[in-house]
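Top line first, the protein sequences correspond to chains A, B, C and D.
Counting from 0, one number per residue, gives the positions in the first sequence under numbering that gives the first Met the number 0.
Counting from 0, one number per residue, gives the positions in the second sequence under numbering that gives the first Met the number 0.
Counting from 0, one number per residue, gives the positions in the third sequence under numbering that gives the first Met the number 0.
Counting from 0, one number per residue, gives the positions in the fourth sequence under numbering that gives the first Met the number 0.
Just so you know, the hints here were simulated from the structure itself, not pulled from any lab data.
Owing to the predicted nature of the structure, the values given are computational and were not obtained by experimental measurement.
Wrong hints could be hidden among the right ones.
When chains are identical, the list treats them as one kind, so a pair holds in a single copy or across two.
List time: in silico DSBU-like cross-link candidates among lysine-lysine, alpha-carbon distance up to 30 Å [claimed, not checked]:
| # | residue 1 | residue 2 |
| --- | --- | --- |
| 1 | Lys15 | Lys1 |
| 2 | Lys212 | Lys97 |
| 3 | Lys326 | Lys130 |
| 4 | Lys15 | Lys148 |
| 5 | Lys212 | Lys130 |
| 6 | Lys86 | Lys316 |
| 7 | Lys212 | Lys148 |
| 8 | Lys97 | Lys316 |
| 9 | Lys212 | Lys15 |
| 10 | Lys97 | Lys15 |
| 11 | Lys234 | Lys15 |
| 12 | Lys1 | Lys316 |
| 13 | Lys148 | Lys130 |
| 14 | Lys148 | Lys86 |
Here are the chains, one letter per residue:
There are 4 protein chains.
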Amino acid sequence: MKLINLFDYEQAAQSKMRASFFGYYAGGAGDEITLRENRTVFDSIKLRPRVLIDVSHRTLETTILGHPTALPVVIAPMALAKLAHRKGEVAIATAAKKAGIIHCLSTLSSTSLETVASVGAANWFQLYIYKERGITTRLIERAAAAGYKALVLTVDTAVVGVRENLLRTGFRPPRGVKAENFTEFYGAKAALRLPAQFSPIDFDSSLTWDDLKWLIANSSLPVLVKGVLRGDDAKRAIDCGVAGIIVSNHGGRQLDTAVAGIKALPEVVAAVGAQTEVLVDGGIRRGTDIVKALALGARAVLVGRPVLWGLAVSAQKGVEQIFDVLKRELDIAMALCGCSSVGEIGPDLITE
Amino acid sequence: MKLINLFDYEQAAQSKMRASFFGYYAGGAGDEITLRENRTVFDSIKLRPRVLIDVSHRTLETTILGHPTALPVVIAPMALAKLAHRKGEVAIATAAKKAGIIHCLSTLSSTSLETVASVGAANWFQLYIYKERGITTRLIERAAAAGYKALVLTVDTAVVGVRENLLRTGFRPPRGVKAENFTEFYGAKAALRLPAQFSPIDFDSSLTWDDLKWLIANSSLPVLVKGVLRGDDAKRAIDCGVAGIIVSNHGGRQLDTAVAGIKALPEVVAAVGAQTEVLVDGGIRRGTDIVKALALGARAVLVGRPVLWGLAVSAQKGVEQIFDVLKRELDIAMALCGCSSVGEIGPDLITE
Amino acid sequence: MKLINLFDYEQAAQSKMRASFFGYYAGGAGDEITLRENRTVFDSIKLRPRVLIDVSHRTLETTILGHPTALPVVIAPMALAKLAHRKGEVAIATAAKKAGIIHCLSTLSSTSLETVASVGAANWFQLYIYKERGITTRLIERAAAAGYKALVLTVDTAVVGVRENLLRTGFRPPRGVKAENFTEFYGAKAALRLPAQFSPIDFDSSLTWDDLKWLIANSSLPVLVKGVLRGDDAKRAIDCGVAGIIVSNHGGRQLDTAVAGIKALPEVVAAVGAQTEVLVDGGIRRGTDIVKALALGARAVLVGRPVLWGLAVSAQKGVEQIFDVLKRELDIAMALCGCSSVGEIGPDLITE
Amino acid sequence: MKLINLFDYEQAAQSKMRASFFGYYAGGAGDEITLRENRTVFDSIKLRPRVLIDVSHRTLETTILGHPTALPVVIAPMALAKLAHRKGEVAIATAAKKAGIIHCLSTLSSTSLETVASVGAANWFQLYIYKERGITTRLIERAAAAGYKALVLTVDTAVVGVRENLLRTGFRPPRGVKAENFTEFYGAKAALRLPAQFSPIDFDSSLTWDDLKWLIANSSLPVLVKGVLRGDDAKRAIDCGVAGIIVSNHGGRQLDTAVAGIKALPEVVAAVGAQTEVLVDGGIRRGTDIVKALALGARAVLVGRPVLWGLAVSAQKGVEQIFDVLKRELDIAMALCGCSSVGEIGPDLITE
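Hey, can you work out the whole structure from these sequences and the hints?
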């Protein structure tokens with residue numbers, strides 16, 4: 000089978016991976032209504048292409064929080080990449096570096112953040128604030144020391160959403176795949192607690208905007224919040240001093256029937272104003288999806304699962320191919336829309 | 000098969016129950032358009048979760064008509080629970096008591112209201128006004144004497160809706176399953192007339208608002224009306240002195256293509272004002288459904304068929320599991336929406 | 000199989016009838032989009048039932064153009080009923096008489112209008128204006144002489160719509176089934192030309208409103224027009240002096256993708272005002288469909304194909320059963336909507 | 000199988016053609032969302048037919064840019080007709096001539112424009128502006144010399160859309176099927192490069208409105224632009240001096256999720272005003288589709304793939320049958336809408 004688009008990679012990954020591992024990545028919360036909605040909303044948005052504009056010199060380059068990127072795509076944080084391939088996050092980061100893309104490492108990575116950093120990609124570090132603040136503080140320090148460029152605080156996990164497929168299959172990561180960033184705190188055994196509880200340590204459901212302020216105050220790195228789906232929350236995050244907003248429903252894995260990110264995006268963009276960079280994720284599989292997100296005000300998008308499908312298919316090379324596909328598709332979509340650069344993508348390109 | 004959500008219990012019950020008994024509960028009137036709509040409307044409503052709110056101390060407790068309840072869920076009245084399991088209404092009431100939930104017993108219960116009351120749960124008693132007013136008066140007295148806390152008058156049954164599946168299967172309850180509350184009036188044999196006519200005695204299709212006033216005047220217990228789908232009717236019920244309104248289309252079993260309760264809810268809430276408690280039922284299967292109902296103004300919801308599925312699967316224990324599932328799901332949904340208590344669930348959580 | 004609703008009768012008829020005959024009745028024009036839309040629109044309209052209204056004394060009786068009818072249902076004109084059963088139109092008319100329903104005979108009946116009239120039902124006569132006006136004049140005279148109560152001029156057949164299934168099956172009526180009203184003009188052989196051309200004689204596609212005036216002037220009987228789908232056309236018909244309007248897309252057999260009658264109804268009702276009686280057909284299969292049509296302003300509905308299904312299943316008795324089903328369903332639907340008579344069915348019962 | 004409508008011809012062609020050839024024509028870009036939308040939008044538009052208008056003298060004739068045509072249909076430009084049948088474009092042009100229809104020849108025809116012209120049909124010539132302007136200039140000269148009546152500049156191909164099915168099947172035209180108009184420039188071998196790159200020569204993605212002006216200035220023939228989907232672009236084209244606009248998404252083969260032509264049509268018509276003729280293509284398969292396009296302001300429609308299906312089925316005769324079907328369907332649709340001529344088709348015929 001020729002691997003032409005990201006759906007092909009998903010199918011190929013499914014045939015290569017153990018079913019429960021594939022399901023761990025592919026599944027969503029509850030009835031997976033939000034998971035599906037994330038895709039169908041993109042398909043329902045229609046484009047109004049412009050013609051007869053010189054698009055012979057196209058660039059997909061842009062900056063995100065001032066960091067240059069080869070295309071307006073960031074790798075979304077995803078736990079335990081070694082479930083897809085034993086080379087895990089190192090393969091992803093290496094591919095990201097080669098592609099000139101920002102890589103946002105998950106706190107729950109199966110490779111330590113320091114090892115990932117040694118690859119030399121432009122990395123962000125995603126984290127949670129844990130009940131034991133000391134763990135958070137330590138992770139911040141380690142991320143800064145390792146050269147990460149920004150922190151991404153996930154805020155949509157007051158509790159952990161229920162991915163029922165995990166309960167059905169009794170998913171457990173295999174020996175050797177564990178949340179490596181936590182071995183420092185709990186040892187290898189503790190980190191293995193993850194699959195049962197879906198988290199190596201207890202999330203803190205008492206978090207408030209004050210904790211966000213605390214994080215920003217205690218971090219030398221800029222902080223983005225990920226998991227915002229409302230204009231009022233986004234505005235509040237700005238008031239706390241965040242560097243950027245990531246509109247997200249956690250890939251449909253937290254609150255089922257939560258609104259799709261691309262649906263919530265316009266409200267968030269309107270609330271925060273043009274100064275703040277807003278990113279969005281959830282269901283982005285096509286170059287045209289990226290055009291739509293940018294047309295609705297996003298600075299860039301995050302892409303998650305497809306990166307893992309590429310990883311599963313051919314390790315680093317597979318991940319590079321994912322970026323190649325997205326790059327080629329975005330390039331063509333922009334050309335056909337009459338846009339030479341991402342800055343020219345505007346709301347007039349969109350209709351229902 | 001692991002029983003994780005209420006749909007799992009439905010499936011498990013179907014495999015355990017005689018087909019015609021399962022069909023008696025599962026079916027709806029006519030083409031079952033309303034039956035399906037009751038579900039699809041919930042799925043189409045999207046949530047706008049709030050983040051970074053301290054939800055570490057959550058409670059699902061509330062009051063309904065002043066009665067405390069562990070969660071905003073009432074067991075809907077359903078006929079002949081012994082069709083699901085020989086322990087019938089006693090098992091349900093016992094589970095309700097254990098879970099701290101209000102149990103609304105059906106007039107057409109297969110256990111006498113006195114026997115059910117002896118369990119000691121917080122019970123409501125659902126009734127109809129019959130042509131022979133004496134029967135109604137007697138039922139009111141018995142319910143009050145047995146310690147029931149409220150009466151629920153079903154008002155959407157001027158005539159009985161046609162569940163065509165019953166006609167197809169020629170459903171008849173087995174020997175020993177009968178409307179026990181009516182043996183006093185008709186003896187065991189009369190109570191067996193039920194399956195043929197879908198009611199042990201003739202409903203009175205001449206009922207008017209005056210009869211509601213008569214009931215209220217003749218009852219020491221507060222009275223709710225169940226089966227209202229319009230704001231004007233709800234207002235009129237308030238003017239008659241009801242203690243609460245239950246927005247309901249009778250689980251899709253009466254008038255096919257009747258509007259879904261959750262669709263009618265906002266109009267009813269607007270009509271009656273904040274003083275009156277409004278409940279809603281029809282298609283509630285997920286914790287997020289409860290959030291949506293409360294966001295649209297309901298004080299609580301009624302859950303019917305799933306209780307019977309739990310009963311069929313493991314008697315009292317199965318019913319308890321149903322409440323456990325709903326409780327866990329509602330708890331998670333509230334946490335993810337940023338709500339520590341049901342009072343914090345508001346209309347801003349909802350979008351299309 | 001128990002025959003409970005009209006869909007059951009359709010299925011039973013299909014299993015009894017020769018496929019090409021069933022297809023002749025069941026099919027629609029083109030892609031059958033309008034045929035399907037006629038049904039789906041009804042299903043999508045939702046009802047807002049009223050409660051606690053005395054509906055113990057219900058009547059479905061009404062008048063149409065002053066003629067009393069047992070329920071607001073008229074039998075729609077349909078060609079060649081003998082394809083369904085050899086007793087054909089006589090069985091239908093006899094059942095109509097027994098049920099107290101108006102029977103609109105098709106010009107293309109397989110029994111002569113005089114024979115049908117001899118049954119003694121309340122009959123209307125449907126006709127076209129043909130190129131040879133003499134034929135039309137003669138049919139009018141015959142209908143009046145035979146005691147028909149009204150003429151129904153079908154106006155949506157400037158040309159004949161293409162029912163592709165007929166072309167595929169090469170449908171031809173069997174020996175002995177012919178348009179009997181035309182043997183007077185063409186003899187038995189000419190009347191047999193029908194299947195090839197879908198009409199025994201050429202329709203006149205030059206018809207205008209003046210021809211309608213001519214018909215009205217030359218008829219002692221009141222004239223209704225059938226096939227109007229626009230308010231302006233309905234208004235114009237009124238100005239010509241028609242006694243009533245039948246909103247219809249010819250059962251989806253003429254112009255595919257034409258708007259559904261029930262969708263066009265409100266516009267027509269608004270255009271003609273309360274004085275004129277408006278009827279509607281297309282897709283009416285349930286008692287609730289009748290309620291919806293009346294709520295949107297129809298005086299009555301026409302029901303077509305189901306009558307033929309009943310005829311195919313058990314001749315006259317089958318037709319009577321169709322009316323029994325509709326009567327029972329309408330009665331229940333009205334009771335559950337809080338309506339004791341058809342005059343109480345109003346627009347407030349409807350929502351989307 | 001009887002070939003009654005255009006879908007029948009598609010099915011018949013599929014069974015006759017090599018799968019990869021059929022796929023070359025039938026496929027669309029990306030997920031083929033626009034390809035499907037092109038059809039579903041037409042099906043969702045509903046007609047409001049007028050009755051009792053004299054339609055006995057109907058004509059489908061009209062003019063397009065002053066050229067008379069037997070019906071408001073133009074043959075859309077399509078590459079390499081010999082893939083469907085070895086008689087290719089000559090068969091199409093001959094059928095067009097016989098039917099009195101304008102034939103728009105593709106630049107990428109598998110027969111030279113001069114050979115096609117020798118048939119004597121009313122031809123338009125579709126072209127691109129290539130990086131080597133000399134090629135374009137030469138094609139213009141040749142088209143004018145060969146008697147073509149207009150040029151159609153395709154403007155929606157800044158780059159070539161990805162038809163993934165071609166990549167999957169590794170489609171290559173067979174020996175002898177090549178872009179004959181380019182043998183002059185590149186020889187037979189160069190013209191064979193087409194299948195790999197989807198174009199015999201590189202498109203110029205630097206084209207702007209100035210190039211359109213250049214083309215108009217350098218052409219003795221009127222110029223239409225094809226591929227406009229926005230009112231502002233259409234207005235700009237008018238300002239450049241085009242003779243007409245063709246609203247098109249390139250049959251869903253360029254930008255997937257681009258808006259359907261019929262959806263964009265009203266905006267374009269409103270932008271350019273009544274003076275300019277606007278054509279539309281994409282998904283037209285039924286006579287009613289043509290009525291809808293004209294009702295929304297189109298002067299005519301272009302029909303593409305069905306012409307190839309006719310060609311594949313029976314060469315010239317098959318193409319003629321396609322026009323016969325469209326002509327018969329349009330004639331019936333107009334009659335049933337109360338329109339004697341295309342000029343009488345107005346927006347009042349349309350509803351949702």
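Hint check results:
| no. | hint | verdict |
| --- | --- | --- |
| 1 | Lys15 to Lys1 | both (15 Å within a copy, 26 Å between copies) |
| 2 | Lys212 to Lys97 | neither (35 Å within a copy, 43 Å between copies) |
| 3 | Lys326 to Lys130 | between (40 Å within a copy, 24 Å between copies) |
| 4 | Lys15 to Lys148 | neither (34 Å within a copy, 58 Å between copies) |
| 5 | Lys212 to Lys130 | within (16 Å within a copy, 56 Å between copies) |
| 6 | Lys86 to Lys316 | within (11 Å within a copy, 47 Å between copies) |
| 7 | Lys212 to Lys148 | within (18 Å within a copy, 49 Å between copies) |
| 8 | Lys97 to Lys316 | within (10 Å within a copy, 57 Å between copies) |
| 9 | Lys212 to Lys15 | neither (44 Å within a copy, 55 Å between copies) |
| 10 | Lys97 to Lys15 | within (25 Å within a copy, 48 Å between copies) |
| 11 | Lys234 to Lys15 | neither (43 Å within a copy, 53 Å between copies) |
| 12 | Lys1 to Lys316 | within (15 Å within a copy, 39 Å between copies) |
| 13 | Lys148 to Lys130 | within (25 Å within a copy, 43 Å between copies) |
| 14 | Lys148 to Lys86 | within (23 Å within a copy, 63 Å between copies) |
In summary, the numbered hints that this structure violates are 2, 4, 9, 11.
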